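Engineer: Quick one: dock chain against chain with the hints and give me the complex.
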Amino acid sequence: MIRISKILLIATLVFTACSTEDDGPGTDGGGETTSFDRGAMLENWADNIIVPAFSNFKSSTQQLEDLTLAFTAEPTEENLLALRSQFESSYIDFQTVAMFDLGKAEELSYRRFLNTYPLAASEVENKIASGTYNLELPSSFKEQGFPALDYLLYGIGETNAEIVGKYSSENYRNYLLDVSKRINALTAEVNASWQGDYKDTFVSNTSSSSTGSVDKLTNKYIMYFETFLRSGKIGYPSGVFTGTPSPINVEAYYSNDLSKELYMKALESTLNFFNGRSFNGGQTGKSFKQYLEFLERGDIATDINNQFNGIMSQATNLNASLKSQVETNNTVMLAAYDELQKAVVLLKLDMVQALSISINYVDSDGD
Amino acid sequence: MRSAITKYFNSYTEAAPLAVFRIGFGIMMLASIIRFWLNGWIEKLYITPKFHFSYYGFEWVKPLGDFTYLLFVICGISAFFVAIGYKYRIAIITFFLSFTYIELMDKTTYLNHYYFISILSFLMIFLPASVYYSVDAWKNTKQSFQRIPRWCIDAIKLMLGIVYFYAGLAKINSDWLFRAMPLKIWLPSKYDIPFLGDFMQQEWVAYAFSWSGMLYDLFIPFLLLWKRTRLFAFIMVIIFHVMTRVLFPIGMFPYIMIVSALIFFSPEVHHKILQKISRWFRIRKEKFDNELSLIYKPFKRKILTSIVAGFFVIQILFPWRYLLYPGELFWTEEGFRFSWRVMLMEKAGYAEFKVVDAETGKRFYVNNSDFLTPFQEKQMSFQPDFILEYAHFLADHFRKDGHENIEVYVESYVGLNGRKSVPYISPDVNLLNFADTFKHKTFILPFNDEIKGL
Chain A
1 MIRISKILLI ATLVFTACST EDDGPGTDGG GETTSFDRGA MLENWADNII VPAFSNFKSS
61 TQQLEDLTLA FTAEPTEENL LALRSQFESS YIDFQTVAMF DLGKAEELSY RRFLNTYPLA
121 ASEVENKIAS GTYNLELPSS FKEQGFPALD YLLYGIGETN AEIVGKYSSE NYRNYLLDVS
181 KRINALTAEV NASWQGDYKD TFVSNTSSSS TGSVDKLTNK YIMYFETFLR SGKIGYPSGV
241 FTGTPSPINV EAYYSNDLSK ELYMKALEST LNFFNGRSFN GGQTGKSFKQ YLEFLERGDI
301 ATDINNQFNG IMSQATNLNA SLKSQVETNN TVMLAAYDEL QKAVVLLKLD MVQALSISIN
361 YVDSDGD
Chain B
1 MRSAITKYFN SYTEAAPLAV FRIGFGIMML ASIIRFWLNG WIEKLYITPK FHFSYYGFEW
61 VKPLGDFTYL LFVICGISAF FVAIGYKYRI AIITFFLSFT YIELMDKTTY LNHYYFISIL
121 SFLMIFLPAS VYYSVDAWKN TKQSFQRIPR WCIDAIKLML GIVYFYAGLA KINSDWLFRA
181 MPLKIWLPSK YDIPFLGDFM QQEWVAYAFS WSGMLYDLFI PFLLLWKRTR LFAFIMVIIF
241 HVMTRVLFPI GMFPYIMIVS ALIFFSPEVH HKILQKISRW FRIRKEKFDN ELSLIYKPFK
301 RKILTSIVAG FFVIQILFPW RYLLYPGELF WTEEGFRFSW RVMLMEKAGY AEFKVVDAET
361 GKRFYVNNSD FLTPFQEKQM SFQPDFILEY AHFLADHFRK DGHENIEVYV ESYVGLNGRK
421 SVPYISPDVN LLNFADTFKH KTFILPFNDE IKGL
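From first to last, the protein sequence lines stand for chains A and B.
If you read the first sequence in our numbering, its first letter stands for residue 1, the second for the next number, and so on.
If you read the second sequence in our numbering, its first letter stands for residue 1, the second for the next number, and so on.
In short, the hints are calculated from the structure, not lab data.
Fair warning: this is a prediction, and the values are worked out from it, not measured in the lab.
Idealized CB from N, CA, C, for every residue including glycine.
Please note that a few of the clues may not be correct.
Partner residues are not named here, just some residues of chain A that face chain B (Cβ under 7 angstroms, in silico) [stated by the list, open to error]:
| hint | residue |
| --- | --- |
| 1 | Ser35 |
| 2 | Ser207 |
| 3 | Ser208 |
| 4 | Thr211 |
| 5 | Val240 |
| 6 | Phe241 |
| 7 | Thr242 |
| 8 | Pro245 |
| 9 | Val345 |
| 10 | Leu349 |
| 11 | Asp350 |
| 12 | Gln353 |
Simulated coverage check for chain B against chain A, where a stretch passes if three residues somewhere in it have a Cβ under 8 angstroms from a Cβ of chain A [said to hold, decoys possible]:
| hint | segment |
| --- | --- |
| 13 | 182-194 |
| 14 | 340-351 |
| 15 | 367-379 |
Next up, chain B with everything else stripped away, as it sits in the complex (with noise of 0.2 angstroms):
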């Protein structure tokens, strides 16, 4: 065992699908950002809010004003230097650091390819994803090899292995696969889609989808490692991605996980790859096929697996923070995000906050658009630390405004997969007397339903 270990980290590949999967990965990356801004959605989420809701213990993570825009400027050009392999490692951290906080800045845009896409620019810190087919390699050859660790390569594979793996495992409970929600609601209303418009009508379509989305993710990663199955593994990939391109706003996410999957493929293909891409650019491709490996010291060797254990740890664990909750997890979100649970809900909530003056009993209502904008209001009035945070926020500016004595309740309901709305958070309580920590929020109405399942 020890011996498979040890052999393990002392194989040898070659480099080549680690520098496509960074070329992929930085183009991808700054054409995410310009669309971002060209869709004007940094002014929209990031500029016109008057308030933003912070992950707990961000809070000190905010826009920036005007500079927010610099922000992605910095963004952007980092994930073009990590493209291009220029100064790898500075842009790669850069580019860490700035997407994550751009993603910090307000958790009302959180998606988990935003998180997928933080992280693996953190993995990427400690992958030699530049010595081979980058500027950093042309410039100075003492940093260029053609083949590096096999772990370097295996470590993006387990990375999206993970995320298939357990959104995946996500699926499988009651509502997804044997009510076939929320597909069920959402796909009816694709009737204008070409070809597949009446298709989507039916029942058993909603039921299919399901389960064969359930199995795809499940499956996947382990039929891209097999080689007799890869090239349809990949082919499954490009159909299913795309079938959510077309049905769901999904943004870039689709090609980015398209283009990731090429990973799995041998270095043969990769070497195609970069070929195409020198004969373009017209780079000397031989230059770079110096038949050296890159051999890390003990010590620095010792290191950068730490972390990327480490790290494969905290990934592996971290889904399951959900199980140390009582409840529902659909219900309380308490352990939801972060966690490669993607389209397993049909969520929404309507809360109306009411402020009173515990002395005198006077009391109103807040009208949520003086604050928030309707997107945030939406994240806001179906998940609890939203509505905590708020009423948080709402009591100070009251006090501002010279009220007294303030106590902030809520009247809320949510309708969760095709269930009608009920009551959510206990209308009674005083939400200022709670504040947010990482333990079970007491003020969430039980779910009165049960959802089986991992």
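This is chain A alone, in the form it adopts within the complex (with noise of 0.2 angstroms):
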């Protein structure tokens, strides 16, 4: 008897050891499995929905640099109109991959460089006049991005002519060109990144502890929606946390009407995101949704889509300019924050509960 429970008790911390081990591989021998295939979701939200974003927001991004150069050879009004039509809808593109915070686009803080908002629009035309500065420091997040190209194709004068005529100054045609090349060649980066290994890194990765891909992009797809686009796009804008409207917190501040697009596109991909729905439109396929639906949970996938329509419904009533909304009638705002609120419930608290996905990274022991 004492030698069993001795053999029993070796071989039960042989298995605990084993068993902690953070990065093993799936379980999955194939055949018949009653559990819900995360490698599978993993490989629909790769191959079908991150990586074609990716590689169709780097075309976008390319485009925006032919053309930033094309305008800085040549600055004409008509070359500022075609460029900025690029930059609205590279700016658009951005969108749909903006909450894919993780692997290589984390580690460069791509985010942090495209679109940190508002711009500090003073310290650019410092940066501007003096002819040195490097956009590599992460002290220069707010000097560059989508909210820097804002600036300074609507931004540094009153009319189109105006603005054409600053860039007789090779100071700011370098400027603007070297924006446009950092958007560019980070986007490079990332995309080669999902092109190359890290796709497979990423779906491999089944674990369910916090390091699991599920769970770090459940954790960055809810602080997205969380801090970016309700907080980032609405909640600063309007004052929510203040209590005074702030008009130059509005993403595309300087471009005025492009903002409301942002925010739908915004809300567009994380819902299909939820959904499964492939970045093409064609077709859907594992998701948060189809994972709750597995768990008997289904009520909270029909209840977060309800609340998606509801926030978009509401989003009617925005102005096509987030900054004159906020200006004129801030009382929409808010109440587009309270639609957001609704949904940040359901997803960090009710989708994030039943799929037992813990909201942070902080591992103390529970009891």
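Structural biologist: Here's what the structure looks like:
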């Protein structure tokens, strides 16, 4: 009996030691399994959503760089308009990848370099004037990316002619081009990692621990929705956290009527991700929605879809320019925030609880 | 009856089990402290946060800045001294005080097993754990006894028995037994455990685990007490705790319980263990085997037994204090802590605070991450006493910022054991109108469901 208990003790301890390995691959030995196939969900996320979104965005930022080159080579109003239109579509495309802050993107602080706003406009002017700057420094988050392009293409003059006039200065041309190039270069790097090894790393990491891909991306997704979509696009401009509306905090502040479109695209992208709809829109695959349905919590998935519908129908009341919305009738903005808030509760509380995913990386003990 | 009690208090037994327990306890505690430090948790839990949630009445217990590390050093050294039995009484008192101080610094980190360590070390202050096989006994033969009063060992057994039995009682409720909650939520997410991953997806497994967990907790103390089932029971202890270790992030606790359960074994087993240790460290065990019994003077015995008896009366009654509160215990959590309610709930919340200027009506929401760590925010969002304390903190903070006529409201949602999230705290109540007390918190909204059972 003593011997049996010793063997048992050793066997169980070995078992514990093995099973606490965090990065072990899943145990799908093929065949019939009744568990939800997280690997297939990761594959759908990667193959049908993330990779196509980045690859599309990469061509978009390439275009952006090309047209910036054309404009700086020949600063005409016509070229300015062409560049602006590309800027707008690139900024919209960015909304389809902004939530995927992991892997290379996380490592590079990709999102912070591309879209930290409000822009430090006076700093940008100082740097242009001096002609010396290093956009790779973390301290320069607020001086580049789409907010900088927004300013440089719309904010530096009253009229188009006046703006074009600024580009007679080489310093302006250089700064504009550097910002464009940097957006494209960073995107190329992130895109290349998804085209390369990172996709397999991502898909094969089906671990249930907080380092597993599902846990990580779920956390990133919810954090994006709460912090960048709810607070960033609506909360801060409407002064939800200060009591005082703050138009300068609107995304795409200078181009003025782009902000709502960015908001709508971000909503659509987060909803599509929830439902597992492919980037090209053609099909739906394994997703949060299916996962919840598998766990017999389809009711939560329905609630979330309904809430997204509620948010979108509320958004029809919003002015195309969130800046003028904040300035003229902020209550519509506050109403938008309230609708978003309901979705945060469903995602961050109900969904995450049903999936038994822990919402932060605090690895303390439980009891 | 009276003579039976007198007889009991006059019976003596080998001190070896208590010595083994002391050594095991000390080493486990030292290991826990080192592990805590190496995981970076001192920094993360006690240095980084700008604000700490205090226990009612213990608001003065706060982290000590960088001296917090010193506190852990003291705690670790005293644990080591307890293990080797050097200046035992001072060591165990120091351990009790430093460990308890650490636990009181921030209730965010509350765990039942930390509480268990605190009260166990308190109990050990009054037990003669160092009269046998210790540095103290080695150095001072006057303090060396091979035998001690029987109650000194039974006290530890009773403590362990209370922990298990009450944990079992707490599991007798409809969520645990008839909805298999929260295991039905937790187990499927362990799909990647070797061999058992697919198994965890089955609904009946959650039920089987729930029921066997309840039965295990209720009966294990008795199975350990009875000689004929003891070995079987100990094997169950190992399997049960290793299982919990595999399934949940539960730290050192399973090992502490496994080592503690050794105390139920006969003195012979403990002598064998000590012989092993003696061989490794070349200690002359015979020196301790002096056939002497530790006999307390009547007055001292009376004091010791009164303290220990009083301690157990409190331990037995305290978990029932929840009966004094209205409402569902799992929902209000009034009387939930310090009662061996372990792993009973999957509960999470979301709380958004609104600061209002009562005169102008100007209002704004609080960004919780400005003040709380993610872990604190998570714990705060579903516990009313946390919510209240945080509301007062926010008021103080914004007053200092020059805001006036402050009122603080919270919009909060809580989901419990797979139920859909519903509003938790009354959103129309200015939380500043309430001070924290032991009284029922009337601003908690009703549960609107029923969990039957103890």
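Engineer: Give a verdict on every hint.
Structural biologist: Outcome of the hint check:
1. Ser35: At 4 angstroms from the nearest chain B Cβ, Ser35/A passes the 7 angstroms test, so the hint holds.
2. Ser207: Holds, because the Cβ-Cβ distance from Ser207/A to chain B comes to roughly 6 angstroms (cut-off 7 angstroms).
3. Ser208: OK, holds: Ser208/A within 7 angstroms of chain B, min 5 angstroms.
4. Thr211: With a closest approach of 12 angstroms, the Thr211/A hint is violated.
5. Val240: It holds, given that the least Cβ distance between Val240/A and chain B is near 5 angstroms, below 7 angstroms.
6. Phe241: holds (5 angstroms)
7. Thr242: Hint on Thr242/A: holds, closest Cβ of chain B at ~5 angstroms, below 7 angstroms.
8. Pro245: For Pro245/A, the interface hint is violated, since the closest Cβ of chain B sits about 11 angstroms away, which is over 7 angstroms.
9. Val345: holds (5 angstroms)
10. Leu349: Holds: closest Cβ of chain B sits about 5 angstroms from Leu349/A, inside 7 angstroms.
11. Asp350: holds (5 angstroms)
12. Gln353: Status holds, d = 5 angstroms.
13. 182-194: Our answer is that it holds, as 9 residues pass the Cβ test (under 8 angstroms) against chain A, meeting three.
14. 340-351: holds (count 6)
15. 367-379: The restraint on the segment 367-379 of chain B holds, since 5 of its residues have a Cβ under 8 angstroms from chain A and three suffice.
Taken one by one, the earlier hints fail for this structure at numbers 4, 8, listed in ascending order.
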